[in-house]
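If you read the sequence shown in full-length UniProt numbering, its first letter stands for residue 1, the second for the next number, and so on.
Everything labelled a hint here was simulated from the structure, so no lab data went into it. For clarity, every value in this text was computed on a predicted model and none was experimentally measured. Check each hint, because a few of them may be wrong.
[Said to hold, decoys possible] Calculated pairs, EDC-like style, for lysine to aspartate or glutamate (alpha carbon to alpha carbon, straight line, at most 20 Å): (1) Lys-174 x Glu-194; (2) Lys-123 x Asp-56; (3) Lys-261 x Asp-229; (4) Lys-261 x Glu-234; (5) Lys-126 x Glu-258; (6) Lys-227 x Glu-258.
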Amino acid sequence: MRCAYVEPNTGVRGLASNLNFIEPDQNVVKNYAGCGEMFIPYGAISSTQTALIAADLAVGYLEGKLTESKKVSWKGDSADAEREGLNLTPRYQTFTSSLKKQPLRHPLCDICQPKEFITYQSKCGKRLYLPQTLHQKLCTYRQEEPASVESAGLLIGYYNRNGEVLIDTFTTPKASDQRTRTTFKLDSQAHQAEIEKAYTASEQLLGYVGTWHTHPQDVPRPSSPDKTDWRTHEQDNSDRPLFFIVVGIKTTSVYTLEKGKVIELSIVQEEHC
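Full structure from sequences and hints, please.
In structure tokens, the structure reads:
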């Protein structure tokens, strides 16, 4: 769930009033705190009640008991409300923005961040933070068997204030991808759809930051087609640095481009936050 102010009569986004798409006196939540992302039950109008409810929800999330939004509110679509037997106000019909439930996790939330990273850095100072959990997942695609084909996907992450990149997730191989022992061709439409979904869900924070693929080598080295492909990606995304991960049978290599030249990053350290 997230904050959205709308004009009181039209439902158009603005700064006039809080939303209220659900009739009161039901088992639902209402936004009392503007863009502070605080949603509390009807009737809980004091700061003490708000704090207690917020703390209870936070504890439940930290203990792993709460993994997604369980409450149906103005951010739930009409099908959710109907299944719950809830009554909607007429204003619901005039509101045109997304009414889907939003994930609890947010990339910038400290609590949501992974605790262990592998940090890669180039000689010119470019840094990439790869969560250990994601690296372990990448390693499951290693071409350890003679018949194993190449796997590939797109990297999804964000740039912090220093221009450093933190990988948040990555797209995985699709049945529609073309894959052989030494080559691959992505179904660009299928992979791009995941990029756009992450971009929208993160309020335009997460986006495309590079690619990954596997090599049937113990220590992977980029091929000429790899370098050509990377330069094409860089030309198409000249507004930001991109990173390229190659997963070998025994090691993982990370590359970037500097003025068209392929540069390998070195592991700085494994960070425990």
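Hint by hint, here is what the structure shows:
no.: 1; hint: Lys-174 x Glu-194; result: holds, 12 Å
no.: 2; hint: Lys-123 x Asp-56; result: violated, 47 Å
no.: 3; hint: Lys-261 x Asp-229; result: holds, 13 Å
no.: 4; hint: Lys-261 x Glu-234; result: holds, 11 Å
no.: 5; hint: Lys-126 x Glu-258; result: holds, 10 Å
no.: 6; hint: Lys-227 x Glu-258; result: holds, 12 Å
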